[in-house]
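Chains as they are written, first to last, in my numbering: chain E, 1 to 208; chain Z, 1 to 208.
Calculated directly from the structure, the hints in this document are not laboratory data. Careful: at least some of the hints might be erroneous.
Which copy? The list can't say, so a pair holds if one copy fits it or any two copies do.
Unchecked claim - Heads up, simulated DSBU-like pairs for lysine-lysine below, C-alpha to C-alpha not over 30 Å straight-line:
(1) Lys90 x Lys33
(2) Lys195 x Lys33
(3) Lys195 x Lys90
There are 2 protein chains.
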Amino acid sequence: MSTKPFEIDQHPFGPAVGRLVHQFALLPGIGRKSAERLANHILSCSQAEAMALADAVREVKRSIRRCTVCFNLTDREVCHICSDPRRDRKLVCIVEQPKDVNSLEATSAFQGTYHVLGGHLAPLDGVGPDDLTISALMRRIRQDGVEELVMATNPTLEGDGTALFISNLLEGQPVRITRLARGIATGSVLEFANKEMLSDALRGRQTF
Amino acid sequence: MSTKPFEIDQHPFGPAVGRLVHQFALLPGIGRKSAERLANHILSCSQAEAMALADAVREVKRSIRRCTVCFNLTDREVCHICSDPRRDRKLVCIVEQPKDVNSLEATSAFQGTYHVLGGHLAPLDGVGPDDLTISALMRRIRQDGVEELVMATNPTLEGDGTALFISNLLEGQPVRITRLARGIATGSVLEFANKEMLSDALRGRQTF
């Protein structure tokens with residue numbers, strides 16, 4: 001919320017439009033000009049169309065929560081992957097964010113389940129192990145008798161560090177730890193990898 | 001509303017997220033990938049941030065209406081330009097859209113008032129004189145004793161045609177009709193003209 005309030009009040013169509021432009025400009029990848037264009041669209045579209053957008057935003061915040069098993073986003077208590085009996089609960093793929101689950105699911109190359117950390121360790125930004133879902137992961141490994149963990153954190157310094165931290169926690173335990181094959185360029189993020197790269201990386205996963 | 005409904009129901013995070021992605025993708029300039037990114041932002045931002053966006057959309061549709069004099073968008077009965085006693089009501093600038101008023105106001109080169117047509121004549125698309133605010137303009141010209149009309153419709157075939165139609169309606173009446181100087185490239189739209197071009201075009205306006 002860094003934009004100056006006077007801009008909001010000084011919008012030629014009044015503060016309500018100023019606030020809407022401001023709200024659109026807070027969205028990722030939306031600059032001031034795009035925000036003005038989006039606001040103009042809302043001004044000119046029908047009441048029903050505008051309400052459909054507003055209601056969709058509300059409804060998502062009302063209905064979407066974290067899966068109590070894997071912490072993926074879902075509209076149920078347990079997500080559709082964790083509650084699918086055909087998925088292997090002894091094979092767990094560790095990712096940073098819910099969107100990474102979608103990227104991997106799009107390959108159809110993985111029949112196990114997931115665990116969403118909610119980010120990566122970043123001591124300088126104050127993100128420690130307790131800010132991620134690591135203790136829930138440890139509990140899950142014990143309770144479900146997990147046999148293999150596939151590390152699919154981003155291939156960055158922080159992602160690798162987080163994977164290393166988890167593998168150290170599990171030293172001496174009977175869990176095989178692998179990681180995605182490095183078909184993916186170091187320094188990039190999973191979100192932008194294509195299906196082929198991700199399929200190859202899943203097939204070529206290596207012991208961590 | 002042309003996107004197929006099955007995409008909405010098949011979103012991995014459930015139909016609520018699918019609907020939000022769909023709604024974002026309906027906005028101008030937002031593709032499927034951008035819509036996913038915006039939905040991810042809504043999923044990860046705070047409840048208050050998401051509600052601020054939803055409420056801003058609602059509030060704009062609730063509070064914004066057409067100025068009863070010039071048909072510009074406003075949150076009052078009469079817009080801030082029409083109700084400003086320093087603005088010349090006998091000098092009226094004709095534009096197609098409310099956003100064109102903003103572009104011209106940003107130049108500070110015009111001390112008259114505006115009239116927003118709400119588009120341009122387009123017989124092939126079924127837009128005739130009755131779909132624009134032309135009859136209200138004629139009434140206003142009589143009642144206020146307007147002395148000069150500045151045609152600032154877009155310098156396109158349709159914009160020019162609309163200006164010509166209005167000037168024909170006023171033949172024989174004591175109103176001077178001018179148009180913006182063509183510093184602006186024919187075929188482009190006012191929205192993307194910069195302040196300098198628009199200032200020059202206002203100063204160099206010619207008898208129509």
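Here is how each hint holds up against the structure:
Taking identical chains as interchangeable, the C-alpha atoms of Lys90 and Lys33 are never at most 30 Å apart, the minima being 50 Å within one chain and 33 Å between chains. Taking the closest pair of Cα atoms, Lys195 and Lys33 come within 30 Å of each other only across two copies (15 Å); inside a single copy the shortest separation is 33 Å, beyond that limit. For the identical chains of this complex, Lys195 and Lys90 are intra-copy neighbours only, at 24 Å inside a copy versus 64 Å across copies, given an alpha-carbon limit of 30 Å.
Checked against the numbered hints given earlier, this structure breaks only hint 1.
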